[in-house]
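Kindly generate the complete structure, drawing on both the sequences and the hints.
Number of protein chains: 2
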Amino acid sequence: MELLKEKIRQEGHVLNDKVLKVDSFLNHQIDPELMMAIGEEFARRFADTGVTKVLTIESSGIAAALTAALKLNVKVVFARKKKSALMNEEAYVTQVHSFTKNETNEVTVLKKFLGAGEKILIIDDFLANGEAAMGLARIVEQAGSEVVGIGIVIEKAFQDGGKRLRESGFRVESLARIATFAGGEVQFAEECVKHQS
Amino acid sequence: MELLKEKIRQEGHVLNDKVLKVDSFLNHQIDPELMMAIGEEFARRFADTGVTKVLTIESSGIAAALTAALKLNVKVVFARKKKSALMNEEAYVTQVHSFTKNETNEVTVLKKFLGAGEKILIIDDFLANGEAAMGLARIVEQAGSEVVGIGIVIEKAFQDGGKRLRESGFRVESLARIATFAGGEVQFAEECVKHQS
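Each protein sequence line maps, in turn, to chains D and W. Count along the first sequence from 1, add 3, and you get the number used in my numbering. Count along the second sequence from 1, add 3, and you get the number used in my numbering.
It is possible that part of the hints are untrue.
One copy or two, either will do: identical chains are not told apart, so a pair holds if it fits within one copy or between any two.
[Claimed, not checked] Below, in silico cross-link-like pairs of lysine-lysine (BS3-like), each with a Cα-Cα straight-line distance of 27 Å or less: (1) Lys84 with Lys24; (2) Lys24 with Lys8; (3) Lys85 with Lys122; (4) Lys78 with Lys122.
Worth flagging that the hints you see were computed from the coordinates, not collected in a lab. Only a predicted model underlies this, so the values are computations on that prediction, with no experimental measurement involved.
In structure tokens, the structure reads:
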């Protein structure tokens, strides 16, 4: 997605060989126009999958998931990382480790919002090790529903999350795939990688 | 906002005298069409204030803040409740207590995303005791910017947050003001309350 790549080139900040900061438009400050374009692009790419619901994880996935769901004309559910005192109902729960934050969260979705037989599109802002997406996919499986796709805003293709997900048979679409930013320069990989199913 | 009130009547679930669950469309599952309408309504109500940026707090404020910012044609910043390992930069920090979750969070906004002289619209999903909005307003003050308004999706008018904010001189617009839901029945108050400035 050229608009996104251009934004990454202009505003992305390479901190070290593994960390790219895009907090000026994606995960602290948000550019709403860009986020609408991101949602439209996800909707276009997954138009043929019959998505019935979008699933993401708080907080940074919410904006892209919302705009994608709007364009796909379905609802969005965001998994909670901390069980609210109000969530005293039956829930699907799984463990997700964040390498960036160096913490493991118990991720929760209330059962009433994820029934069986749904066609779920998982959306997240970043794909690195694939922990979050794998966790959400486990929840979808627990619910007896199907993951019809995984949409990622920025994939760090030099980490193994994309490979893990594709080898597990998931259709992964990343709007920007970064091959490397070693040396401080972002180099993009091709966007499309055939999935293995 | 009649559409929102209708949704609350249809899907809101009164847990007890203080807690109304609206997790089917606002803070766990999100109805994107309703959220766009909410953003439009905020943009309409604050059209005369010269907003330059929308500020909210993760996670449940993000969706309404994003759609409002889209319609107002400005960027949105969401304050983080947990400092990411990536946020190794100068930041505004304040303490915010959540009575629902019974925890105090250190709320952070990087200084580079909140300069002086901005006209800030604060958006949040719920107003009860006003802790979150007061915390965000303190951060705006620290930055040398002005809070031109506080937009709330659902105000629990029987708790004192709205009174505190209005008596502090803030212009508060709540799209649905709930007078009481004692006895399990939601009763709405008038939406507009004159602010004191």
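Status of the hints after comparison with the structure:
{"no.": "1", "hint": "Lys84 with Lys24", "verdict": "both (22 Å within a copy, 18 Å between copies)"}
{"no.": "2", "hint": "Lys24 with Lys8", "verdict": "within (14 Å within a copy, 40 Å between copies)"}
{"no.": "3", "hint": "Lys85 with Lys122", "verdict": "within (25 Å within a copy, 32 Å between copies)"}
{"no.": "4", "hint": "Lys78 with Lys122", "verdict": "within (12 Å within a copy, 32 Å between copies)"}
Going down the numbered hints, you'll see the structure goes against none, and every one checks out.
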